[in-house]
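The opening position of the sequence shown corresponds to residue 3 in our numbering, with each subsequent residue numbered one higher.
Derived from the structure by calculation, the hints contain no laboratory data. Note that this is a predicted model, so its numbers are computed, not measured. Ideal Cβ placement from N, Cα and C applies to all residues, glycine included. Accuracy of the hints is not assured; some may be wrong.
[To be verified] Label-pair distances were calculated between CB atoms; the ranges are:
1) Asn79 with Lys9: 38 to 46 Å
2) Phe98 with Thr77: 13 to 21 Å
3) Asp93 with Lys6: 19 to 27 Å
4) Gln57 with Thr94: 13 to 21 Å
5) Met11 with Ile38: 54 to 62 Å
6) Gly64 with Ile21: 37 to 45 Å
7) Gln66 with Thr44: 38 to 46 Å
8) Glu61 with Lys19: 18 to 26 Å
9) Gln66 with Met11: 21 to 29 Å
10) Ile10 with Gln58: 27 to 35 Å
11) Lys5 with Asn79: 45 to 53 Å
12) Ile24 with Gln66: 33 to 41 Å
13) Thr55 with Lys5: 21 to 29 Å
14) Glu61 with Ile21: 21 to 29 Å
[To be verified] Straight-line C-alpha distance at most 25 Å; calculated BS3-like pairs for lysine-lysine:
15) Lys50 with Lys67
16) Lys19 with Lys37
17) Lys78 with Lys31
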Amino acid sequence: MDKKRLKIMTLDQMKDKDIGVIGTPERDKYEFDLKIEILGDTIKSVRKERKLTQQQLGELIGVQKSQISKLERNTKNVTIETILKVFNALDTNVRFSIEMNKFEFDLT
Numbered sequence: 003m004d005k006k007r008l009k010i011m012t013l014d015q016m017k018d019k020d021i022g023v024i025g026t027p028e029r030d031k032y033e034f035d036l037k038i039e040i041l042g043d044t045i046k047s048v049r050k051e052r053k054l055t056q057q058q059l060g061e062l063i064g065v066q067k068s069q070i071s072k073l074e075r076n077t078k079n080v081t082i083e084t085i086l087k088v089f090n091a092l093d094t095n096v097r098f099s100i101e102m103n104k105f106e107f108d109l110t
């Protein structure tokens, strides 16, 4: 009986193999898209927790319901200013971290 052995890999090893190692354009795009998706999901989750509709949140920050919908669906064309307005309207603290040339700045 021929038994095949399964190779065990970590998630990071799988990403390295299938997407590319950290620092490659493909991996950077993947990581960015993942963070944008999490941001949209977080906005939607907090909005619902605060019992607000997309229309109500839009009115709080001065945008149309469609803008909130796009933001929650992870549309990438959004400004930091809009994100900050959304989280401010949701009475939520926001922390950004910016990385440049191997130096990390924590804007808290």
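Status of each hint after checking the structure:
1. Asn79 with Lys9: 38 to 46 Å: holds (40 Å)
2. Phe98 with Thr77: 13 to 21 Å: This hint holds: roughly 19 Å between Cβ atoms.
3. Asp93 with Lys6: 19 to 27 Å: The hinted range 19 to 27 Å is violated for aspartate 93 and lysine 6, with Cβ atoms some 54 Å apart.
4. Gln57 with Thr94: 13 to 21 Å: Holds: the Cβ-Cβ distance is about 19 Å, inside 13 to 21 Å.
5. Met11 with Ile38: 54 to 62 Å: violated (26 Å)
6. Gly64 with Ile21: 37 to 45 Å: holds (38 Å)
7. Gln66 with Thr44: 38 to 46 Å: The hint (38 to 46 Å, Cβ to Cβ) is violated, given that glutamine 66 and threonine 44 are roughly 21 Å apart.
8. Glu61 with Lys19: 18 to 26 Å: violated (47 Å)
9. Gln66 with Met11: 21 to 29 Å: violated (45 Å)
10. Ile10 with Gln58: 27 to 35 Å: The hinted range 27 to 35 Å is violated for isoleucine 10 and glutamine 58, with Cβ atoms some 48 Å apart.
11. Lys5 with Asn79: 45 to 53 Å: Check passed, 52 Å falls within 45 to 53 Å.
12. Ile24 with Gln66: 33 to 41 Å: Holds - the Cβ-Cβ distance for isoleucine 24 and glutamine 66, about 38 Å, lies within 33 to 41 Å.
13. Thr55 with Lys5: 21 to 29 Å: violated (57 Å)
14. Glu61 with Ile21: 21 to 29 Å: 40 Å Cβ-Cβ, so the 21 to 29 Å window is violated.
15. Lys50 with Lys67: The hint holds at about 14 Å.
16. Lys19 with Lys37: Distance ~20 Å between lysine 19 and lysine 37 Cα, so the pair holds.
17. Lys78 with Lys31: holds (12 Å)
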